[in-house]
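*Asks:* One letter stands for each residue in the lines below.
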Amino acid sequence: EPEVTQTPSHQVTQMGQEVILRCVPISNHLYFYWYRQILGQKVEFLVSFYNNEISEKSEIFDDQFSVERPDGSNFTLKIRSTKLEDSAMYFCASRTREGSTDTQYFGPGTRLTVL
Amino acid sequence: AQSVTQLGSHVSVSEGALVLLRCNYSSSVPPYLFWYVQYPNQGLQLLLKYTSAATLVKGINGFEAEFKKSETSFHLTKPSAHMSDAAEYFCAVSNSGNTPLVFGKGTRLSVIA
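Heads up: the protein sequence lines correspond to chains Z and V, in order.
For what it's worth, my numbering labels the leading residue of the first sequence as 1, then goes sequentially.
For what it's worth, my numbering labels the leading residue of the second sequence as 1001, then goes sequentially.
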């Protein structure tokens, strides 16, 4: 069964450093998402991406964040200058465009630890 | 704005007992409702979803949920718990499949032998 994959599974970085989290969505999917979950808190929406542009973003997704689909398979989330509060589990999700009831399929997540 | 409340961050049941995980939502428009499960070191897997069709929704692994508009609830149940059901369960709401999901905090289910 096709699945969303994410790399790395765990990333440790120093405050102020740039990180890139990578996702490979399911191959025929057209909508892509990033969510995050700070330890002990809710899973929160960051950004959605369709047709090579951001379709919606939350207040969390400030200028420090960017997303890109550099080729036909990868979908990346970049944090330019990480802060301690960016430590969280980051989930990528994707879905088809088969109708408004279609499901978002999630990857296993990348745990980001900012020291 | 939409929101989800999951009552109980941790629920513990005996093997073979009824599983009941509670979810209440708030939405100004007819909601789409979802239950996801996360097993250790894995991603979020869809258990079931409500999209304005039948109010009783059956999902994978014997789980089901009932949409009750009057109670703004979408509780998840399973008649008989298995050890393999131990996981984190998330309830989520959206306006449609196009909009981002709004999640609850999750409920960790433990199953005792």
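Quick caveat, the hints were computed from the structure, so don't treat them as lab data.
It is possible that some hints are incorrect.
As the list claims (entries may be wrong) - Derived DSSO-like pairs: lysine-lysine, alpha-carbon spacing no greater than 27 Å straight-line:
(1) V:Lys1058 - V:Lys1068
(2) V:Lys1105 - Z:Lys78
(3) Z:Lys78 - V:Lys1069
(4) V:Lys1069 - V:Lys1058
(5) Z:Lys83 - V:Lys1105
(6) V:Lys1058 - Z:Lys57
(7) V:Lys1058 - V:Lys1105
(8) Z:Lys78 - Z:Lys57
(9) Z:Lys83 - V:Lys1058
(10) Z:Lys57 - Z:Lys42
(11) V:Lys1068 - Z:Lys57
(12) Z:Lys83 - Z:Lys57
(13) V:Lys1068 - Z:Lys42
(14) V:Lys1105 - V:Lys1069
(15) Z:Lys42 - Z:Lys83
(16) V:Lys1105 - V:Lys1068
(17) Z:Lys42 - Z:Lys78
Unchecked claim - Listed next, the stretches of chain V that the computed footprint assigns to chain Z, with coverage defined by at least 3 CB atoms under 8 Å from CB atoms of chain Z:
(18) 1037 to 1048
(19) 1058 to 1070
For every residue, glycine included, the Cβ atom is placed at its ideal position computed from N, Cα and C.
*Asks:* Work down the list of hints and note, for each, if the structure agrees.
*Replies:* Hints, verified against the model:
{"no.": "1", "hint": "V:Lys1058 - V:Lys1068", "result": "15 Å, holds"}
{"no.": "2", "hint": "V:Lys1105 - Z:Lys78", "result": "25 Å, holds"}
{"no.": "3", "hint": "Z:Lys78 - V:Lys1069", "result": "40 Å, violated"}
{"no.": "4", "hint": "V:Lys1069 - V:Lys1058", "result": "17 Å, holds"}
{"no.": "5", "hint": "Z:Lys83 - V:Lys1105", "result": "23 Å, holds"}
{"no.": "6", "hint": "V:Lys1058 - Z:Lys57", "result": "32 Å, violated"}
{"no.": "7", "hint": "V:Lys1058 - V:Lys1105", "result": "22 Å, holds"}
{"no.": "8", "hint": "Z:Lys78 - Z:Lys57", "result": "14 Å, holds"}
{"no.": "9", "hint": "Z:Lys83 - V:Lys1058", "result": "42 Å, violated"}
{"no.": "10", "hint": "Z:Lys57 - Z:Lys42", "result": "17 Å, holds"}
{"no.": "11", "hint": "V:Lys1068 - Z:Lys57", "result": "30 Å, violated"}
{"no.": "12", "hint": "Z:Lys83 - Z:Lys57", "result": "19 Å, holds"}
{"no.": "13", "hint": "V:Lys1068 - Z:Lys42", "result": "23 Å, holds"}
{"no.": "14", "hint": "V:Lys1105 - V:Lys1069", "result": "21 Å, holds"}
{"no.": "15", "hint": "Z:Lys42 - Z:Lys83", "result": "19 Å, holds"}
{"no.": "16", "hint": "V:Lys1105 - V:Lys1068", "result": "20 Å, holds"}
{"no.": "17", "hint": "Z:Lys42 - Z:Lys78", "result": "21 Å, holds"}
{"no.": "18", "hint": "1037 to 1048", "result": "holds (count 6)"}
{"no.": "19", "hint": "1058 to 1070", "result": "violated (count 0)"}
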